[in-house]
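S.K.: Let's have the full structure, built from the sequences with the hints guiding it.
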Amino acid sequence: MGDLGWIAYPKNGWEEIGEVDENYAPIHTYQVCKVMEQNQNNWLLTSWISNEGASRIFIELKFTLRDCNSLPGGLGTCKETFNMYYFESDDEDGRNIKENQYIKIDTIAADESFTELDLGDRVMKLNTEVRDVGPLTKKGFYLAFQDVGACIALVSVRVYYKKCPSVIRNLARFPDTITGADSSQLLEVSGICINHSVTDEAPKMHCSAEGEWLVPIGKCLCKAGYEEKNNTCQAPSPVSSVKKGKITKNSISLSWQEPDRPNGIILEYEIKYFEKDQETSYTIIKSKETTITADGLKPGSAYVFQIRARTAAGYGGFSRRFEFETSPVSVAASSDQSQIPIIVVSVTVGVILLAVVIGFLLSGSCCDHGCGWASSLRAVAYPSLTWRCGYSKAKQDPEEEKMHFHNGHIKLPGVRTYIDPHTYEDPNQAVHEFAKEIEASCITIERVIGAGEFGEVCSGRLKLQGKREFPVAIKTLKVGYTEKQRRDFLGEASIMGQFDHPNIIHLEGVVTKSKPVMIVTEYMENGSLDTFLKKNDGQFTVIQLVGMLRGIASGMKYLSDMGYVHRDLAARNILINSNLVCKVSDFGLSRVLEDDPEAAYTTRGGKIPIRWTAPEAISFRKFTSASDVWSYGIVMWEVMFYGERPYWEMTNQDVIKAVEEGYRLPSPMDCPAALYQLMLDCWQKDRNSRPKFDEIVSMLDKLIRNPSSLKTLVNASSRVSNLLVEHSPVGSGAYRSVGEWLEAIKMGRYTEIFMENGYSSMDAVAQVTLEDLRRLGVTLVGHQKKIMNSLQEMKVQLVNGMVPL
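Position one of the sequence shown corresponds to residue 1 (UniProt numbering), numbered consecutively onward.
Calculated from the structure, these hints are not laboratory results.
Even for Gly, the Cβ is constructed at its ideal location relative to N, Cα and C.
Treat the hints with care, as some may be off.
Once the Cα atoms are required to be at most 20 Å apart in a straight line, the calculated SDA-like pairs of lysine to any residue come out as [claimed, not checked]: (1) 244 with 274; (2) 249 with 292; (3) 534 with 572; (4) 478 with 454; (5) 298 with 278; (6) 223 with 192; (7) 243 with 292; (8) 692 with 501; (9) 62 with 46; (10) 484 with 534; (11) 163 with 126; (12) 276 with 192; (13) 162 with 49; (14) 272 with 302; (15) 272 with 317; (16) 786 with 770; (17) 138 with 223; (18) 786 with 704; (19) 513 with 543; (20) 746 with 783; (21) 288 with 260; (22) 702 with 543.
Here are the in silico distance ranges between beta carbons for each label pair [said to hold, decoys possible]: (23) 436 with 20: 25 to 35 Å; (24) 436 with 245: 47 to 57 Å; (25) 19 with 436: 49 to 59 Å; (26) 651 with 785: 36 to 46 Å; (27) 262 with 785: 42 to 52 Å; (28) 506 with 20: 42 to 52 Å; (29) 188 with 534: 17 to 27 Å; (30) 112 with 25: 19 to 29 Å; (31) 167 with 619: 15 to 25 Å; (32) 440 with 500: 20 to 30 Å; (33) 463 with 320: 50 to 60 Å.
M.R.: This is the structure we're talking about:
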């Protein structure tokens, strides 16, 4: 029976043999070599193998096989393959079964075979083959290997299954989960909130067939008094004792004792303080010591202090409030200081005039593209700042962190914003400033995966010094390019290099010092979103689709916050990886916004993607983040319609005319009403009425946290059969007059105001905006919402063919 307890049939077929490999290490093999005899049928049966609950198992074989051409004679009967079978059984009594009851897994062939010369050199040409079996329905199985006349040695048989390992994600613990039977199956798994965290509905993740956790949905939240840190909620107890030290007219020194229950090593303390009765404007100082001096305070003023500690598990709660008062200003000091403002003003004026002169002299050397004297003035006005071409960065003492807050917003002297590469006199400078140069020798191009505007797009691998090799996508610049093509090609890298966000495609670097010129980015396994959705039509849950949309919105919020407009947002320009994470890409049409958030610019021509572009951008070439929001609404429609072409086969001119006349795309089949409503909000004619990207992200987060809100679908019976929704004449429906409508929503008090200002018909009312309401004197927020919600509901019903107006 041998050491393993496997059975050979017939007994003179497979033999259990112990030998050594090429390194003289002992190995255990099963061998058969009946090549001189015809009609061979040698079976080797394993012992019973428990599948431990797995419905899909993998078998890895390592074996050597001799080349038939190297054998003397017997060539007519020699084989270079063998067969593998399996048989399911709930116990160990089913091994001695008939051959025809086994199910064939595959015929196994060798990639490399050995010869007699290899035997002399003790070279083992080991082959490795992996096969999978499933779905399994019983507790275990047997494997069988059939030889039909080969010279073979079976060196290793490894049987295994895959699982998603136990993990804590979003404060929830997910258990070991064995993958499903199907290679494309995602198993939904509910998590359990860890200590000190709670949730209304258990968060979920999906276990892929490859043993990876994908698509997290929902999360647990730390209980009151606890904060999240490194996926835990253990927090230190509050600081209980705070003592005042030295107090001057402009500063207060404090000391305190470590919390009674630190729950770990205290890493730092956070001190929050504000002037009494001015709680919305506060300052935070971080310290690793149990003492601190708050300076820059007003004389003779009361200040409130609170302190909390942080360990590796996170922050504890703030201490109770401690109130201390700075020293008052003496009369003599006040008199002496009365002359200070005059001196300060005189000195400041002199310094500014000097800065203007110096700035004009040095303006050409600031950044080659126009910081000039304005930067010098800024440096004078804010001496603690270092200005550098378009954005500012505060100098920071590594031993002290101090942040000022006002009405919930951090007050920073300068914020980094996007810098338009087109403003550089030398485009090469922009590339080298924002993109890392990569040696061509670090890149391995494996295959072409597509074609871009400037050349081929390839997949490959990147090996940087000190890092493991990883997959990348590579855009190449075709041979024979013009200088303008090279500049435009690298311009996209200059844009991408400024972004750092999980939902924006990440730039690894560029190759400019050798040919071909390349742009190297992270590799997105599933390619463009529109193609991916078409290939997987109907395969995802609504929550998964909303998760994709949330990622896109988050990336667009990041771009919008940087003052940046994409101009070509569409599903084809969204890339998706194996974890179903969506990332915004393709910045070929993108441009920057001015400082004014309402600013727009006019393009100098160029193609516009009509089906995705807002009306004002089509008509007047005016682009803002609001026009990106319109495009995002089209992307939502594409996602919920699994990559369907917007407006189907309509011509671009028909699309422009229809949109201008107020027509909107109908709801995709089985689309949640909340999502279609958001699409309609994105497609408001008045760009100021469209939601901002931060509002969109917030709304999608709420939907994800409350999946039940996605169960209400757009009524299928109200969906129209034509391509676009067509209006009946406004005013022919349920409400015969403006007064009747306002009375119906309990807002009759405003009837006279509406009539006096020209809103005497439902046609006119349908165009009312929130700004119009404020102008009319509807100042109560609740009344504004009630009127706008009623109008929006009528518009939605109108779009769906109900026509209540």
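S.K.: Decide, hint by hint, whether the structure agrees.
M.R.: Now the hints, each set against the structure:
1. 244 with 274: Status holds; Cα separation ~16 Å.
2. 249 with 292: Status holds; Cα separation ~16 Å.
3. 534 with 572: holds (11 Å)
4. 478 with 454: holds (6 Å)
5. 298 with 278: holds (13 Å)
6. 223 with 192: Holds, at roughly 15 Å.
7. 243 with 292: holds (11 Å)
8. 692 with 501: Judged against 20 Å, a Cα distance of about 18 Å means the pair holds.
9. 62 with 46: Roughly 15 Å separates the two Cα atoms, so the pair holds.
10. 484 with 534: Distance ~36 Å between residue 484 and residue 534 Cα, so the pair is violated.
11. 163 with 126: Violated, at roughly 28 Å.
12. 276 with 192: violated (43 Å)
13. 162 with 49: Distance of about 16 Å is within 20 Å: holds.
14. 272 with 302: holds (14 Å)
15. 272 with 317: This hinted pair holds, its Cα atoms lying about 12 Å apart.
16. 786 with 770: Holds, at roughly 11 Å.
17. 138 with 223: violated (44 Å)
18. 786 with 704: violated (25 Å)
19. 513 with 543: violated (46 Å)
20. 746 with 783: Status holds; Cα separation ~9 Å.
21. 288 with 260: Cα-Cα ~17 Å, so holds.
22. 702 with 543: holds (12 Å)
23. 436 with 20: 25 to 35 Å: Once the Cβ atoms are compared, 50 Å apart, the range 25 to 35 Å for residue 20 and residue 436 is violated.
24. 436 with 245: 47 to 57 Å: holds (48 Å)
25. 19 with 436: 49 to 59 Å: Distance hint for residue 19, residue 436 holds at roughly 53 Å.
26. 651 with 785: 36 to 46 Å: holds (39 Å)
27. 262 with 785: 42 to 52 Å: holds (47 Å)
28. 506 with 20: 42 to 52 Å: The hinted range 42 to 52 Å holds for residue 506 and residue 20, with Cβ atoms some 49 Å apart.
29. 188 with 534: 17 to 27 Å: Since the Cβ atoms of residue 188 and residue 534 sit about 24 Å apart, the hinted range of 17 to 27 Å holds.
30. 112 with 25: 19 to 29 Å: Given a distance of about 20 Å, which is inside 19 to 29 Å, the answer is holds.
31. 167 with 619: 15 to 25 Å: violated (51 Å)
32. 440 with 500: 20 to 30 Å: Since residue 440 and residue 500 have Cβ atoms about 25 Å apart, the given range 20 to 30 Å holds.
33. 463 with 320: 50 to 60 Å: holds (56 Å)
Taken one by one, the earlier hints fail for this structure at numbers 10, 11, 12, 17, 18, 19, 23, 31, listed in ascending order.
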